[in-house]
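Undergrad: Now for the letters of each chain:
Protein chains: 2
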Amino acid sequence: MSMFEMIRRDGMARVCKLRTGHGYVETPLLMPVVNPNIQTLPMDELKGMGAQAIITNGYIIMNDPDLSQTALEKGIHAMLGWDGPIMTDSGAFQTHVYGNGINISAEGVVEFQVRIGSDICTILDLFTEPDEPEHLTREKIHVTLERARFAIEKYGNSERLISCPVQGSRYLHLREECARELSEMGATYIPIGGVVPLMEAYRFADLVDVIIASKRGISPSIPVHLFGCGHPILFPLAVLLGCDIFDSAAYVKYAKMNRILTPEGTITVDEWEYSPCGCRVCTEYTPSEIRRLPPEERVHHISYHNLYLSLMEIKRVKQAIASESLWEYTMLRCRSHPNLYEAVRRLQGYYRDMEEYEPLYRKTSVMYTGEETFYRPCVLRLMERIKERYRAPDAKLECIIDEPEKPYMSSMKKYIEKYPSVHFTVKGWMGYIPLELDSIYPVTQSVIPRWAWENKRNASGSSPVDSIQDAGSPQKKCGSKLEWNTLIARAISDIQFGSVCTDLLLKPPLEFKISKKTGRIRNIISAGEHVLSLRAEDGFATLKLPGAKRIHPTGQWRVVADRDAAEFVARGRNLFCKFVVDCDPQIRPRDEVLIVDEDDALLAVGQSVMNAREMRSFKRGVAVYVRESCGKIHRRG
Amino acid sequence: MSMFEMIRRDGMARVCKLRTGHGYVETPLLMPVVNPNIQTLPMDELKGMGAQAIITNGYIIMNDPDLSQTALEKGIHAMLGWDGPIMTDSGAFQTHVYGNGINISAEGVVEFQVRIGSDICTILDLFTEPDEPEHLTREKIHVTLERARFAIEKYGNSERLISCPVQGSRYLHLREECARELSEMGATYIPIGGVVPLMEAYRFADLVDVIIASKRGISPSIPVHLFGCGHPILFPLAVLLGCDIFDSAAYVKYAKMNRILTPEGTITVDEWEYSPCGCRVCTEYTPSEIRRLPPEERVHHISYHNLYLSLMEIKRVKQAIASESLWEYTMLRCRSHPNLYEAVRRLQGYYRDMEEYEPLYRKTSVMYTGEETFYRPCVLRLMERIKERYRAPDAKLECIIDEPEKPYMSSMKKYIEKYPSVHFTVKGWMGYIPLELDSIYPVTQSVIPRWAWENKRNASGSSPVDSIQDAGSPQKKCGSKLEWNTLIARAISDIQFGSVCTDLLLKPPLEFKISKKTGRIRNIISAGEHVLSLRAEDGFATLKLPGAKRIHPTGQWRVVADRDAAEFVARGRNLFCKFVVDCDPQIRPRDEVLIVDEDDALLAVGQSVMNAREMRSFKRGVAVYVRESCGKIHRRG
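Protein chains in written order, with this note's numbering: chain A, 812 to 1448; chain B, 812 to 1448.
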């Protein structure tokens, strides 16, 4: 079952390697739909423009005596002339659209796909419409799940993926349940089905609901295909929400309607005057030349452009993941249609779902793109943690500084020494942030115009950002002299590790090593032990081995490594997913974690690549990058 | 001076043809900066990727004995190996940056450019810094204008453009004055200078101020170059504001810093993993292969990509003009940096400037991209005209319908017949619109999510959209039975032509020809004469010849054609700019206009392509498309 490996990520979005019977593909992936009767684009053109895998319709082939015979004799790869991975669909959509007149055996159609050598075989699921009654959806899911179980048991193996679509209409609890059951029964490939009517009606906000609900139930290590999604305007948002694979019939469908795909939507061939595209067609022909071509040739050329452009948009999305800026890219792209922008607003309700996959920090700054910036998971999480975890110091006086008046952190020490019993809170773009936390992601790692957050704060009604005001310490009059470095160390540790761990980590006396270059704390030494280092870029702490030992007894931030891996980890090797036995559910990507063996002996400290759910689900790839290891295993008892 | 011709437009943005001594170029245009010492990209590569013209530095060539000699002997075209148009810069920027140590003669540097055969020669203007004192700016402008006058008189001719930069720091009145004086003294090419410091500091909102102020003073028929603007993120906004030409040194400059240009900003070569680009370099190499190249080769390849991508973005902008959707495209692109988005907000203050160039209607719908949609010129203009021009009928009752409850226009007749003494106003995305006007651009020709305008309306404070509430007829109790078709005809005519013309056009009795297909009014017959037709697409009226005759006496909507052209126009030929003697200043693009001869005899009726200011300024291209003509000239007296 170890066919899917994450190699890069940005929140829920990820770049993965998927192993199939005909080699590896990299996701996010767009499969061109190939009509077994008419190949609008020859296979070498598809390959030439970077298509890694194709999808065709097993049901259509099966129902055509000639095609069927050829496919059974030669195999689907030889028949289509494609030596890479081939996915086949089951005809579920056709059955749904053309009704009961179609006679199709659920078992037969999968068996046929298997016999012709398809790499990804799709079960005959029952298509659920967006607005059908719930009892009907329940019945369809029941049948779909039975068929999935049968197909997985009979045909699933390490060379063949069984594609089992999630159904559930817009009943989100049913979507989640269906997805969970499919995951648990061993589905190795899960499309989100029944969404074409939503996409055709531009109901993108409803599509967001369906994707999120499905993703809740799908194990993270299973590739997720958004069935029927071939228009590039949807790729960024769908990938942001964790979809991995798309299929495009759109490239031909739009070409036949004389419509040109662009990343911002479609234009008609008649309004097409300039093509900012480097594909073969756009390089060799001007739009007006293409307009004058005979219809068949025109469809061929426009199809070529449309598919090329769609593949390029997938690449663009992958680069955004690599740059850790997919949120920004998606928000920009979602301005290309009002309904896409509406879909983005729907994300406000899914903070919990997104936060679970949100890294502790990013390597790039948060860029303001509009109001949605204020409900980014990284923003809401910090505000939430300040509310829940931050312990304000006992200060004689509480002072609120307006962001632009804030002194530079490097000169803050002098400032605080001048006013030793005042505690400062900064009124900035995220609301009220204790000055000690001013250097952590994303407070400073952001470009937010002042008018944007001032508008936000002055708006009527409370927003998640505003409601944090009471997190700052209100007007305390008691208290003693504050020690600036201690304040910083405590506040950051509270936010990152929680108060229980902080009290163990920061036992007095504390010493601080200050960077000569930045004037900021570099190392934190507690009772003679170097427990934490602070990173200049994102402001969070790196956990040192002595620190890890102190918080070990709490059982928090723990990843349990399997007996076989323990020795390697103890000697400094990274911990791979398949050796993760258990882990603390609060772990998020880029958290500092302790690796222990099955007897709870500390092996190493490192940085997680995944959240807890992912570590438990994936069977390939690195779970934790080990930074410091104990050298050997100390067994208890 | 007729070197510049508009062939396509969208508001202030335009596609034009510019004639030079070495052929035509089409704007918006990006000229790669070519270093006369080191050609990072060979000329055939520049040509191959679609560069139409190049720019180099006349001052650097002049100051190098070898280069200078070669250029004087062979000419700049042969020296660089470029047979297309070449623009030369004067060294003004170098003088400014490197100070008075540079000895340069204002007269000599222009003469040198002329002698080496430059197609666009730049005067030695004095660079004004964004934040210098006003008296200093005034002095610099004074000198710049003197030098411009001298160069234009001595060297300007139909084969050679004299480039005279507008200076003026951020003193907007000085920018406008300087631009106006340059226009009046016959400058044939006007760069907006002194803006590099604004662009380098990302002060894009200030850049908007400077562009708008300069454009106010520049005659519409003069090409406008935004000096030093080579980053593609700025192209859409700059073109939206009427800039035509850009120059890029950025493609090499960024390449040397190992930075890759993308339409959304720059990324470093280290984070570059996937290139969604079809250029030769991105097709032949993967990003990691480029990373491993020797430095010089890497700079060459990245330069190639950077320039290619920049040229593509210019094409994309041109397509947006062709699709009449540049506003939407710009708003999307301006989400790529918070300071660009801030620049967009600055446009709110420039409604008057933009409205003058705003067409009566567009062929595409207004798409919601964010709050800025509510201050688009087409939106504000309609609200303003309703306030100023709309005459509410005497209705017994005024009723406000919420937009979603609005009956379809086609069934409106029945509705109104059922309630014959009620006048309806629709509460919709633009505010309160009389139901009669519900079909005109952009009320219905728009995609605006309900939450967007409901939020807007509920927001505290009055917005331009809200303040229109009193434009609707408030609770009138008197009045008589309403005639629906008459209401529509009057309201549309009031908005489009004003009340004086409407009273002449719609003298009773009125008859209406209704489209069988749409149920809407097609033709309006007044006292037996077909005066107006209503267009289904944008809802506005087409003026028929009998209608034109009626409003002729008002002197409004009039374009006066020169004696030589009169006869041709009267026989149905389009009116070209160079024959426009005078015109009504209220004319906007796509307005219905009357063409009269110099004796005020009516020749024809047609649709304007330009606003009044443009018709007076341009010497090439069509000013009015003639639809109906009088056949022969009726002379008075």
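Treat the hints loosely; a few may be bogus.
As the list claims (entries may be wrong) - Here are the simulated DSSO-like cross-link-like pairs (lysine-lysine), alpha carbons at most 30 angstroms apart as the crow flies: (1) A:K1064 x B:K1328; (2) A:K1207 x A:K1238; (3) A:K1126 x B:K1360; (4) B:K1430 x B:K1360; (5) A:K1328 x B:K1067; (6) A:K1064 x B:K1174; (7) A:K1126 x B:K1067; (8) A:K1067 x B:K1360; (9) B:K1064 x A:K1328; (10) A:K858 x A:K828.
By construction, these hints were calculated from the structure, which means they are not laboratory data.
These figures come from a predicted structure and were not determined experimentally.
Undergrad: Would you pick out the hints that fail for this structure and give their numbers low to high?
TA: 3 and 8
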